[in-house]
Amino acid sequence: MLCQCKQTSSSGLSEGPAVDLSQVSDLLTTFNPETSNLITLLQEVQKVYGYLPEEVLSEISAVTKIKEAKIYGVATFYSQFRLKPIGKNLVMLCQGTACHVNGSAKIERALQESLQVNEGDITPDGLFTYINVACLGCCSLAPVMMINDQTYANLTSADVFKIVEEIRAQEVEKKAI
Amino acid sequence: MRFVVGSGSCGIAAGADRVHALLDQEIKHNKLEGTLEITGCIGTCYLEPILEVYSDKNMKRFTKVTEESLKEIISEAKEGTLFNEESSEDSVESQLVQQNRIVLRNCGVINPESIDDYIKLGGYEAIEKCLRERSPKQIIEEIKVSGLRGRGGAGFPTWFKWNAALQSPGDIKYMVCNADEGDPGAFMDRSVLEGDPHSLIEGMMIAGYAIGAKKGIVYVRAEYPLAIVRLEKAIEQAKSQNILGKDIFGLKGIDFDLSIKTGAGAFVCGEETALIASLEGERGMPRLKPPFPAQKGYFDYPTNINNVETLANVPWILNKGGQAFADLGTERSNGTKVFALTGKVKNGGLVEIPMGMSLENVIFGVGGGIVGDKEFKAVQLGGPSGGCIPKELLHTPVEYESINQTGAIVGSGGMVVMDENTCMVEMARFFLDFTCKESCGKCTYCRIGTRRMLEILERITDGQGKPEDIPLLEELSYKIKEGAMCGLGQTAPNPVLTTLKYFRHEYEEHINDKKCQAGTCHNLISYHILADKCIGCTVCSKVCPTNAITGERKAAHVIDQDACIKCGQCFEKCNFNAIEKS
Chain A
20 MLCQCKQTSS SGLSEGPAVD LSQVSDLLTT FNPETSNLIT LLQEVQKVYG YLPEEVLSEI
80 SAVTKIKEAK IYGVATFYSQ FRLKPIGKNL VMLCQGTACH VNGSAKIERA LQESLQVNEG
140 DITPDGLFTY INVACLGCCS LAPVMMINDQ TYANLTSADV FKIVEEIRAQ EVEKKAI
Chain B
343 MRFVVGSGSC GIAAGADRVH ALLDQEIKHN KLEGTLEITG CIGTCYLEPI LEVYSDKNMK
403 RFTKVTEESL KEIISEAKEG TLFNEESSED SVESQLVQQN RIVLRNCGVI NPESIDDYIK
463 LGGYEAIEKC LRERSPKQII EEIKVSGLRG RGGAGFPTWF KWNAALQSPG DIKYMVCNAD
523 EGDPGAFMDR SVLEGDPHSL IEGMMIAGYA IGAKKGIVYV RAEYPLAIVR LEKAIEQAKS
583 QNILGKDIFG LKGIDFDLSI KTGAGAFVCG EETALIASLE GERGMPRLKP PFPAQKGYFD
643 YPTNINNVET LANVPWILNK GGQAFADLGT ERSNGTKVFA LTGKVKNGGL VEIPMGMSLE
703 NVIFGVGGGI VGDKEFKAVQ LGGPSGGCIP KELLHTPVEY ESINQTGAIV GSGGMVVMDE
763 NTCMVEMARF FLDFTCKESC GKCTYCRIGT RRMLEILERI TDGQGKPEDI PLLEELSYKI
823 KEGAMCGLGQ TAPNPVLTTL KYFRHEYEEH INDKKCQAGT CHNLISYHIL ADKCIGCTVC
883 SKVCPTNAIT GERKAAHVID QDACIKCGQC FEKCNFNAIE KS
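So the sequences go chain by chain: A and B. Sequential numbering from 20 applies to the first sequence in the working numbering. Sequential numbering from 343 applies to the second sequence in the working numbering.
Bound-form chain A, shown alone (with noise of 0.2 Å):
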């Protein structure tokens, strides 16, 4: 019998919007296995969408005739990489020792309770996903968290709230204009 895992959608992929496959097709026509390889790919695309979503999976192996087990296989084995998509701020949760000791999981209540959404989850505004990450090292100014770019150290319950605020806030301001 063939593989079903197509027909049905119990893969364990999203169903995401519809991908714009075009936005890829620079990088997947340019790669070149003897320079490159398929970690740096996933990389590269995952810079495009904010994750890696299935019909570029499958668009990847079709080009690069890699086969989709194998990068599939690749794409659950490292951390960075996600096959749902992402709210538009991505929180960035230390979980390192140092962290941990001076009270994450405190954080991490905060962020759930200012969020109300689980972790790895959009919130449904859209604005926010949050993630548990390895060790940030900023272990002197636990315990951190990272939003975008931006590392916010030192932080207590009340900061989550009042960062969470603030980003909703400007984001509204951006609406507005």
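Just so you know, the hints here were simulated from the structure itself, not pulled from any lab data. Beta carbons: idealized from backbone N, C-alpha and C, even for Gly. Treat each hint with caution, since some may be false.
[To be verified] Okay, derived cross-link-like pairs now, DMTMM-like style, lysine to aspartate or glutamate, Cα gap no bigger than 25 Å in a straight line:
hint : chain 1 : residue 1 : chain 2 : residue 2
1    : B       : K486      : B       : E435
2    : B       : K556      : A       : E53
3    : A       : K103      : B       : E624
[What the hints assert, rightly or not] The following residues of chain B were derived to be distant from chain A, with all beta-carbon distances above 12 Å:
hint : residue
4    : G357
5    : E414
6    : R532
7    : Q722
Dock chain B against the given chain A, drawing on the hints supplied.
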């Protein structure tokens, strides 16, 4: 005047970017005379953001700079009165004098984005001398004399690896730098990459020449974006000065190319063979050794892999001689080691000390002791592969063999200090959660064994532990150690074994008395309001996210235990010590 802002990742997190932007604006638009530069992390992260101001003769250092204090500095600089007063005690300096900086010699001193700064301090002299005057064998001999051991965790003699790669037949060889600093709680490699990238490049070039490799690859974690940017810049600069590339230093036929590969997040890729698989674009799973990477590595070519800190030592050793390095440290652990001092310690940051200093001197001397002068409980060394060392063993000298005897390992140098409020069972659960997630899945004992251990530890911290759980944990620990192929699995039980060895009573309390002395295990604690102390200020009820606290204004409040989620916010906010954790 010259303004220098400490701009490592931690400095930036503490607000160095704002300091830099404000100074930039003042210089450009508001007639502040001077130049503005950046430098890497000097290691005293607890004092960030740090600003240094240089005049012709003087230097003044400002710590924990805020917008207000910066405005004052700027106005004094404009008036020319900045250097009138003698500066009070320089806490950065008093921290540095207790150290012995080889790896961090340039961090926080030079501008990491300027190759000229590096060259001015003798940079690239060692490699040029090696290329012109020394044979690969002589270089390896010098490293052997120095006694340098791998700083990534295993402590394997560096010369031995280099020699094996040199002896390996073949024209094409690779020199790889492991900058996949995955150990949570360690950040010395990031600091070197961000603060002194050229010393890593020079170290790689020397190693490359010693083993006969013309190509080098640096495998960097994706979580370190700034380190990648600075290293890219440094490589470009070195290329433009003919230090990297073809016929380097004008020497015909001597080539060395360097490229960067960004990791994608997998702790196991710190293991050499897994790292190689990842470099090749595969899942980062370790394979059996032999063949060792020195025989068959990157795409089956002989490959040598060293960690960032190891390589940053190399130019210094070649400049000063192996003996100078061997004179530092202890008999079997030579030189210095960088430690990331974090957790409940006052002076958190990076410290570089000679091997052999006692743990007590590191934590209470250089580290300044415990935050809030609380009781020291344990120090965790070596991350998820290491262990927790108790108070009774604080006299232990920090060197490979002595630390191994305690059950912990020196590892990459993460030193997380814990006080009386840290639960050791919970700590063990935290590390097992980490290794369980990071196990690549190849070996059954590691894949399933760590999962079972985690489940037991979760049970104990949830208050559901059974007396037979302790021997079961021990049995599993030894089986995993024996049954796993790579270092990750072989060391994964260490956090459990060391906490069982030194803090067994905490496990027993959790299991038998359903108690968590440290007050961190959720299901074993509860919050109560002491009616005689509560004045009814309502602060706690306002902060409670589940509205579990009720009461009239100016009357004692009550916590509804069913609604309480034990977030502890009321406990933190109460100004009258009226909330008790039990």
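* Unsatisfied constraints (hint numbers, rising) -> 1, 4, 6, 7
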